[in-house]
Amino acid sequence: MIAARATPRLQVPQGWPAPRYDFAGNPVTAAGFALGRRLFYDPILSRDGNIACGNCHQQFAAFAHLDHRVSHGIGGVNGKRNTPGLFNLAWQPDLMWDGSVHHLEMQPVAPMSNPVEMGGSLALAVDKLRRDARYPELFAQAFGSPGVDSQRLLRALAQFTGTLVSADSRYDRYVQGREAFTPQERTGLDLFRQHCASCHREPLFSDFSYRNNGLDAAPRDAGRAVISGRVQDQGRFRVPSLRNVALTAPYMHDGRYETLEQVLDHYAAGIQPSPTLDPLLANGIPLTAEQRDALLAFLDTLSDENFIHDRRFAETHD
Amino acid sequence: MKRKMNLAARRLAAAWLLLLAGCDHGAAQGALPLRIEISHVVGDAPLQLGDSYKTATGDAWSAERLRYYLSNFRLRRADGSWFVNPQSADSSRGYFLVDEADAASKQFQIGPLPAGTYSGIEFLVGVDPARNGAGAQTGTLDPARGMFWTWNTGYIFFQFEGHSPQSTDAEHALTYHIGGGTSAPARSVFLQFQAPVEITAENSAELHLHVDLARLFDGAHVLHPATQPTAMDPAASAEIADNSAGLFRIDHVHKLPKAGLAAAL
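Sequence lines, in order, name chains A and B. Following my numbering, the numbering of the first sequence begins with 5 at its first residue and continues without gaps. Following my numbering, the numbering of the second sequence begins with 170 at its first residue and continues without gaps.
Keep in mind that the hints are not guaranteed to be accurate.
[Unchecked claim] Reference excerpt, derived from the structure (chain A facing chain B, CB under 10 angstroms, subset only):
#	residue
1	25
2	30
3	104
4	107
5	108
6	113
7	114
8	125
9	162
No lab work stands behind these hints, which were simulated from the structure alone. The structure displayed is predicted, hence computed values, not measured ones. Think of the CB as a built atom: it goes at the ideal place given N, C-alpha and C, for glycine as much as any other residue.
Make a model of the complete structure from these sequences and hints.
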């Protein structure tokens, strides 16, 4: 097991593309990463001091929010979308279900200032950190000179979120020839590549496009169209990565499905036609019972147990 | 304490300017900055926050808040070449946040400029796409200043908040936030000088810009508070963005001796 005090570096796993986020402008340091982790788990970033990033992003759920359809924010109010898992964010071109955040460093500003999430503001958080007994010293250690400002806050958080790399699942070890699949898992992988991989593209298991996967005939959430302003984006959402998918229930942008079986039911027979439905799903993805079992067995191999137990990413109380 | 810090910071800035001037190959010795002063007006009268004004079509409006970014300044020389105002990737140098409520924000300097004859000035009302998507920034570009959209991340280029009895919004509010990512670039403004402006080692210039808010409503597009009391996304604010670029005019340019600039630093 890796010690909690070790500092991750962004290493590009074999066969992966170059990351989108460039750490050259924000070099990861031990003190910077530790500050980012501390901030991630500290409710000081919310208006009333009750909600931390880590409340809704739980490590055991690959930093998704287990059993919660949508995020629960300040004062117990509900958000409107399902908390996504956090991993391999350095490779993601835009963040959030609708791609509304265009840079990893800027992502925390959205939940911090959302009235139904952390309910505060970037300026308020910076002000609270400046007055805190410990943070000014931690910022100075992390960045080499005194000063607490929003850039340092956001860069420290990016040192934590950007180094959350999940690339050590059984699937990864299989691809590297270090571990064998059962015949059923092997069949599942073949089925996956045949029916799913055009959108959930390996090795990140997403092509990062925005698609309507037929949840509703009339979308209740306009999704990508709010950001792009284009009617053809009505009801489209970012294709989520399937890495750790067995750990990140519930599913879909609104968390409507609690199990992967329900998700496969939807793709088999539940696709709702609409003008923006993805053409690849027009006929659904019907599978035999045996094929379903094989696909589910394969999806289980995408769970990265080392990632969810990595103590470097866990809350510390130092 | 704060005063002392400011003084130290200003001395550092002055030293930095001198250093830059020394590094600029081809620049004349002792190149001088150009000073820009901004006045917000309605027609010919100074804008007063909270006062009521009338549009050409008879609607009434008042302004309570007016803030916007100006950046990417460059000056055209008489021979058609350009002096590009330096901007650095790791500071907000060259990005100015103008705020009607903050007198200091309405006077700033660009350059230093090589000696020469200049015929016009160009700038963006807003932030260029590269910087807009470059992650966490400091100084005038600090997103904590509130000129940053979080629902679709990027800077608010131009912010006008006020009231109009014709507005159909709650409390008759007018709320125009213009910004945008890659799909809605910042508008560019070019202003020709009425007469060529000479910059020498001894004399710079002060450019006095008038920013006429009447033209926000009676510009290239006519803006009616009744039908458009609010604009908060790039698509809805496209026409107001066009109008924002038409607010600027040169009121006058006057000579600014080196001694006057030194006093300002």
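Tested hints:
Hint status for residue 25 (chain A) relative to chain B: holds, with the closest Cβ pair at about 8 angstroms, below 10 angstroms. Annotation: residue 30 (chain A) was flagged as interfacial toward chain B, and the flag holds, the nearest CB pair being 8 angstroms apart, inside 10 angstroms. Among the interface hints, the one on residue 104 (chain A) holds; its C-beta lies about 5 angstroms from the nearest C-beta in chain B, closer than the 10 angstroms criterion. The interface hint given for residue 107 (chain A) is met, as the beta carbon of that residue sits about 5 angstroms from the closest beta carbon of chain B, less than 10 angstroms.
A cut of 10 angstroms between beta carbons decides the hint on residue 108 (chain A): the least distance to chain B is about 7 angstroms, and the hint holds. This hint holds: residue 113 (chain A) has a C-beta 5 angstroms from the nearest C-beta of chain B, less than the 10 angstroms allowed. The closest approach between the C-beta of residue 114 (chain A) and any C-beta of chain B is roughly 5 angstroms, which is under the 10 angstroms cut-off, so the hint is satisfied. For residue 125 (chain A), the shortest C-beta to C-beta distance to chain B is roughly 7 angstroms, which falls under 10 angstroms, so the interface hint holds.
Satisfaction of the interface hint for residue 162 (chain A) is found here, the shortest Cβ-Cβ separation to chain B being roughly 8 angstroms, below the 10 angstroms cut-off.
Checked against the numbered hints listed earlier, the structure breaks none of them; every hint is satisfied.
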